[in-house]
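Number of protein chains: 2
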Amino acid sequence: VPQITFSPRIRKSPFYEATVRDGVTDFTVYNKMLMPTSFGDLRSEYDRLLGGVAMWDVSVERQIQLLGPDAAKLAQYLSSRDLTNMVIGQGKYVAMCDHDGRILNDPILLKLAEDRFWFSIADSDMLLWCRAVASERGFEVHVSEPDVSPLAVQGPLAEDLLADLFGDLARQLKYFWFEETHLGDIPVVLCRSGWSKQGGFELFLQDGSYGDELYEKIKTVGQKYNIGPGAPNHVERVESGLLSWGGDTTPDSNPFEAGMARFVDTDTRVDYIGKDALQKIASAGPRRLLTGLLFDANAPSEWPLPERMPVTKDGTPVGTTSAIVHSHRLNRTIGMAQLERSIVEAGSAVELAGPDGVQRATPHPLPFL
Amino acid sequence: VPQITFSPRIRKSPFYEATVRDGVTDFTVYNKMLMPTSFGDLRSEYDRLLGGVAMWDVSVERQIQLLGPDAAKLAQYLSSRDLTNMVIGQGKYVAMCDHDGRILNDPILLKLAEDRFWFSIADSDMLLWCRAVASERGFEVHVSEPDVSPLAVQGPLAEDLLADLFGDLARQLKYFWFEETHLGDIPVVLCRSGWSKQGGFELFLQDGSYGDELYEKIKTVGQKYNIGPGAPNHVERVESGLLSWGGDTTPDSNPFEAGMARFVDTDTRVDYIGKDALQKIASAGPRRLLTGLLFDANAPSEWPLPERMPVTKDGTPVGTTSAIVHSHRLNRTIGMAQLERSIVEAGSAVELAGPDGVQRATPHPLPFL
Chain A
176 VPQITFSPRI RKSPFYEATV RDGVTDFTVY NKMLMPTSFG DLRSEYDRLL GGVAMWDVSV
236 ERQIQLLGPD AAKLAQYLSS RDLTNMVIGQ GKYVAMCDHD GRILNDPILL KLAEDRFWFS
296 IADSDMLLWC RAVASERGFE VHVSEPDVSP LAVQGPLAED LLADLFGDLA RQLKYFWFEE
356 THLGDIPVVL CRSGWSKQGG FELFLQDGSY GDELYEKIKT VGQKYNIGPG APNHVERVES
416 GLLSWGGDTT PDSNPFEAGM ARFVDTDTRV DYIGKDALQK IASAGPRRLL TGLLFDANAP
476 SEWPLPERMP VTKDGTPVGT TSAIVHSHRL NRTIGMAQLE RSIVEAGSAV ELAGPDGVQR
536 ATPHPLPFL
Chain B
176 VPQITFSPRI RKSPFYEATV RDGVTDFTVY NKMLMPTSFG DLRSEYDRLL GGVAMWDVSV
236 ERQIQLLGPD AAKLAQYLSS RDLTNMVIGQ GKYVAMCDHD GRILNDPILL KLAEDRFWFS
296 IADSDMLLWC RAVASERGFE VHVSEPDVSP LAVQGPLAED LLADLFGDLA RQLKYFWFEE
356 THLGDIPVVL CRSGWSKQGG FELFLQDGSY GDELYEKIKT VGQKYNIGPG APNHVERVES
416 GLLSWGGDTT PDSNPFEAGM ARFVDTDTRV DYIGKDALQK IASAGPRRLL TGLLFDANAP
476 SEWPLPERMP VTKDGTPVGT TSAIVHSHRL NRTIGMAQLE RSIVEAGSAV ELAGPDGVQR
536 ATPHPLPFL
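These protein sequences, in sequence, are chains A and B. The first sequence begins at 176 in the working numbering and counts up one residue at a time. The second sequence begins at 176 in the working numbering and counts up one residue at a time.
The following block holds chain A by itself, in its conformation from the complex:
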C-alpha cells in the first residue's frame, strides 16, 4: 500500500498530534491539509457513529470569512440561494456556482454577524474564487481564511456529551444553528451539524493553539459515553446519501445534477453568479441526476472500489459511479452514481463491469436510510 509523503505544502491540523496518539492509520489530502480517514477499524468506527459517539478531525473544512460592509452582499452574490431572511446564528447549505452554473463547492454558510460570514467549504480553493469576485466587483469586504478548525462530535450520544460541556445550549440548538461561545478559555463556535445523518455537532475551534486541549477535553468527558476516534464514514455517508463534492460531482456538474435542487432558488429577485444559467437548466431539466444504486442481492459483499466506474444500460454508457460499499444495515451492496436523468426517473436496471464480472443494479432514491 503506497505511503503518503509529508510536505510543508500539505498542512497539518491543530488536532494532528492528538489523532496520531489515537492511532490514525490513513490520511487523505483535502484543501491542502491532511485529514484522517481511518484509525484502523472501520467497522468499529461505523458502529460507534451509529450507536454511540465519535470524534472526527474535520479541520480540513476550512472557513472562508467575509468581513466588512459588503459581506452580506458578497455572500449572496456567491450563493445560488436566496439569503434574504437569513439571521445571525443560522447556517444554510448553499451551492456556489460559476457563471455557467457549474457547482464549485457546497459549503455550509454561517452568518456570524451582519458583516461577518463563513463559508465552511468542501475541497476546492474558494478563497481564490471569493477574492477574485470581491476585488473585480470592488466590494468593500475583507476575504480571508481565518484560524478556524472544525472538530466533529457525531452520533446519538453526541448531544448528551456536549450538554455535559456546554449545558442547555447543546440541547437547544436547532439543526444548522450555532452560537459563538467558550469552553473554559477555548473560543469555539458550537453548531449542530456534521457530515453524517446520526446527529451531532461541529465545534469550530477559533484558535489552533488550543487544538490538543480541546481534543483531550472532549475525549475525557466522552469516556462515560465510550467515545472513540473516527472520520467521516464512507459507508454511512452512502447509506445517508450525503454529497461528496468533487467525488460525486464532475467538473461540469450543476447543483441540479448533484441532488441540490431544493437548495437552489431560481425564482427569486436576488442576483447571484450563475443565476441565468441555472434558470435555463431548471426549465429544461438537468441532463443527469445523482442517484443511489441498489445492487442485486448476489453482488459481492465487499467491492472496495475507490474509483469511478462506468455504468451502462444494455451496453450503452449512461454515467459513472462515485462510491460502491456494502451497507451494514441493509446487508446489501449499494452505491452512488451520476446517471442520465431518463434512467433514474424510469428506475431502469443498469450494468457495471467490475473485477468480479458484470453486476446489475437499479437506481434507488437517496438517502437509502
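Given that identical chains are not distinguished, each listed pair holds provided it fits within a single copy or across any two copies.
Restricting the straight-line Cα-Cα distance to at most 30 Å, the calculated cross-link-like pairs of lysine-lysine (DSSO-like) are: (1) K349 <-> K394; (2) K349 <-> K399; (3) K187 <-> K488; (4) K248 <-> K450.
Keep in mind the hints are simulated off the structure, nothing from the lab.
Chain B: place on chain A using the hints.
Then chain B, alone, in the frame of chain A:
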C-alpha cells in the same frame, strides 16, 4: 507510516498504471491528483537525475487553457510580467498575484497561438481564479482545464534520448521553448523545461488515453541510457534553489519574497492584477526573502524534517524553514527558508531548535549549485 486513502475525489494520472508497474512507493496529492514522490530508493533516483536520465509523472502540473479572442489580454492581466514581446512557441515563468500582490501560483505560461495559452500550474485551483476574473471582466475567452498531462524526462542524457524520438527538434529547442508535435500517433507538446536544473524536457501529452503507450515508448527507447523512474527530487531542488509554491511560500508571500523579483515587471505600461501593490512593495523593499541556509559542518547529516521550522536570531523569531536536506554533492546539511530581509542581506548566523538540539546556520545564496 500512514497510508494514503484513494478516493474518486483524488484523480489518477494517465501514467498511474505505468508508475505502479514501475514500483511507485510514495505519493503526494497535488492539484487533487496523485503524484509519485518516490520509487523506494531516493539516492538512486538522485544519481540517475544527476548522471543519467529519469522519467517523472508530473501530470499534476495541470494546464489552464485560455482560448479565444481575449486570451492574450487575459493572460497578461493575470501575469505580473510584461508579455508584450512573447511569441508563439515560447514559455515564460510568471507569477500570478492577487490584487494585494500575494503570489497565487508560479506557472510556466505557454503561448500556443495568438488566441491560445496554457498556464502550467503549481498546486492551487487557478481555474477558479482565471474563470472568476474572465467572467467578471466580460472577457471573450473560454477558460478550461484540457486533457493535457506532462511527463518529464530529466537529466544530462535526456536530450540524447529525446533526439532518438524527435530528431533535431529535441536538440534545437531552447530553454522554455516548445513545439506541438506527434510521437507516432501520440499528440504532445515537447518543451525544454522541468523542475530540476539537470536539463531535460517535459512532454505535454494531449490525450490521456495514450498515457501508457507514451510512458512505455520512452522507457523502451531509454533502456540504452539506463532510464529509470523518479519524481521531482527534494535534495536536488534544494541544491538548485527551485521554488515550491505553497511549500516555500506562505499565503501572504509576494513574488519578491519568493525569489521571483526578476520575473516581475513593475516599470511597465501593461496592466495586470496586483501591479499597484507590487510597485509599492518593490519601492519599499520586501520584508522577507527566500534564502538558502548552510548549516554548520557538524549538523546532523540526515535531518528529515518535512515541516516548517521556526528560525531565530539570538532567540528572536526571524522566519521559518521550508526544507532541510543533506546535500549529496556538498556533503553538508542545507535548507531553504523565508527570513527577514535584514538577516539575509547581512548574512547573519541564525539558530534552529531541532529534535537533536539547537543547530546553527547561515544564509546562503540560491542556488547552492
